[in-house]
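Participant: As a plain string of letters, each chain reads:
Number of protein chains: 2
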Amino acid sequence: MLTKSHIKLITSLSQKKFRQQEQLFVVEGIKGINEFLNSSFKLHLLFSTEAIFNAETIIISEKELQKISNLKSPNRALAVFYIPKKKHVEPNGLILALDDVRDPGNLGTIIRLCDWFGIKKLVCSNATVDCYNSKVVQATMGSLARIDIQYVDLQAYLSDYKNDVFGTFMDGNNIYSETLPDKGIIVMGNEANGISEEIEKLVTKKLCIPRFGDLKATESLNVATATSIVLSEFKRE
Amino acid sequence: MLTKSHIKLITSLSQKKFRQQEQLFVVEGIKGINEFLNSSFKLHLLFSTEAIFNAETIIISEKELQKISNLKSPNRALAVFYIPKKKHVEPNGLILALDDVRDPGNLGTIIRLCDWFGIKKLVCSNATVDCYNSKVVQATMGSLARIDIQYVDLQAYLSDYKNDVFGTFMDGNNIYSETLPDKGIIVMGNEANGISEEIEKLVTKKLCIPRFGDLKATESLNVATATSIVLSEFKRE
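Line order of the protein sequences matches chains A and B.
Per the numbering used here, the first sequence starts with residue 3, numbered consecutively.
Per the numbering used here, the second sequence starts with residue 3, numbered consecutively.
One chain only, chain A, in its complex shape (with noise of 0.2 Å):
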């Protein structure tokens, strides 16, 4: 049965401060709750209008779920889990840090990026947008459970670290005609801004994705693209 309390719990987590509290995120629809569900992710609670999970379910009608969602066709079934403490591993290899992302739509599509071209790593500065908004966890179909993601002071964590440091500038040198190596942390920067001028500092190798197009009109891409097309070069050989 849905209670007042799972009610008031679940509205409490559209809230990072509640979030952080609780140490609690919710999970929408059938593919990402399974995504979840067979990771090492901990369910706290489950419910859908069927039983269709391999696991402990609070069966609730379509009303009562439409009550609970965030989504305005929400997808048969809700969950919450508990946000895992990670023990925060450094890779040998790339590392992908956020300078700020402010998007949801965006930060999902950069973790399901990640996943894809084997980032293990997710670094973000404490400014980019939490990774446990359910509107991330909607984007990133699943990835979430399979990326390590950490927010850190960024202008620290890169002053520690030993490799170099790749960002993209219209100054930069031609990411096409460079020899990108395995290791290293890329930074992407904010929607409007770019990376910021500390972070700027920080970055050893300045690399520039070459526009095609009009030169005076597309102002530039969106951070997502660019993170497809940058990773893709990085990993490409």
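Treat the hints with care, as some may be off.
Remember, identical chains collapse to one label, so a pair may be satisfied in a single copy or spanning two.
[To be verified] Within a straight-line C-alpha distance of at most 20 Å, the following computed SDA-like cross-link-like pairs (lysine to any residue) qualify:
1) K237 with P212
2) K33 with N195
3) K208 with P183
4) K164 with I85
5) K122 with L11
6) K122 with P212
7) K74 with L182
8) K33 with I177
9) K207 with Q140
None of these hints come from the bench; they were simulated from the model.
Chain B: place on chain A using the hints.
Facilitator: For chain B alone, coordinates are given in the frame of chain A:
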């Protein structure tokens, strides 16, 4: 002054039926409106909370703007432009074709990518989301004004085409090791189903974007990020 008939017109333009009937569409925000004002598009009506444009402006209050805007936080202006009667020209180079892309954000991002990569022509199946949908217009950031977009019976269009038709499939040739021409049509498929069977039959060169992550886990790339990788590969040399 914002009249009742203005409100009625603008509200109606959220539907494709009325956009086609009136041959008008809505652009919001100062930047986007300026991009269209500086293009060959013809202005019908311009509403703004300030006299900041180099065009005849109807000054309205914040509250009135809120009433006609599709955005949660309207950005000071809303304009109505005429849908141009374009003469569609077949370019010599690369053409991008979309087989039923349904998400407005994806179409907007793809139009922006065409602009970045100098793809002059975008051909959309009739079931692809309308490019004058306000969410598409918003996501293009003005690129819509620079790309020739045509809605067609995609099967018939590809059947008539003389050069190679490219598409990405799981069993295609690794895109990173192919020599890619500067002429041809690149087809990208629907968000859920990829390229349809009828269109697949007309693809003459199958390509594959290899995945580098956990092979069982990551299911697919978002169509916009896949498009960015494919266009980057075609254009990089």
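Participant: Indicate, hint by hint, whether the structure satisfies it.
Facilitator: Taking the hints in turn, this is what the structure says about them:
Proximity of K237 and P212 under a CA criterion of 20 Å is satisfied in both settings, with 18 Å inside one chain copy and 10 Å between copies. When the C-alpha separation of K33 and N195 is checked against a cutoff of 20 Å, the pair qualifies only between copies, where the shortest distance is 15 Å, while the shortest distance within a copy is 35 Å. Proximity of K208 and P183 under a CA criterion of 20 Å is satisfied intra-copy only: 14 Å inside one chain copy versus 29 Å between copies. For the homomeric pair K164 and I85, neither the shortest alpha-carbon distance inside one copy (30 Å) nor that between copies (54 Å) is at most 20 Å.
With identical chains, the CA atoms of K122 and L11 are never at most 20 Å apart, being 31 Å at best within one copy and 51 Å at best between copies. Taking CA atoms no more than 20 Å apart as the test, K122 paired with P212 passes between copies only; the shortest distance there is 17 Å, against 27 Å inside one copy. For the homomeric pair K74 and L182, neither the shortest alpha-carbon distance inside one copy (43 Å) nor that between copies (42 Å) is at most 20 Å. In this assembly of identical chains, K33 and I177 lie within 20 Å of each other by CA distance neither inside one copy nor across copies; the values are 36 Å within and 29 Å between.
Proximity of K207 to Q140 under the C-alpha cut-off of 20 Å is found in neither arrangement, the shortest distances being 34 Å within a copy and 33 Å between copies.
Violation of the numbered hints given earlier is confined to hints 4, 5, 7, 8, 9; the remaining hints are satisfied by the structure.
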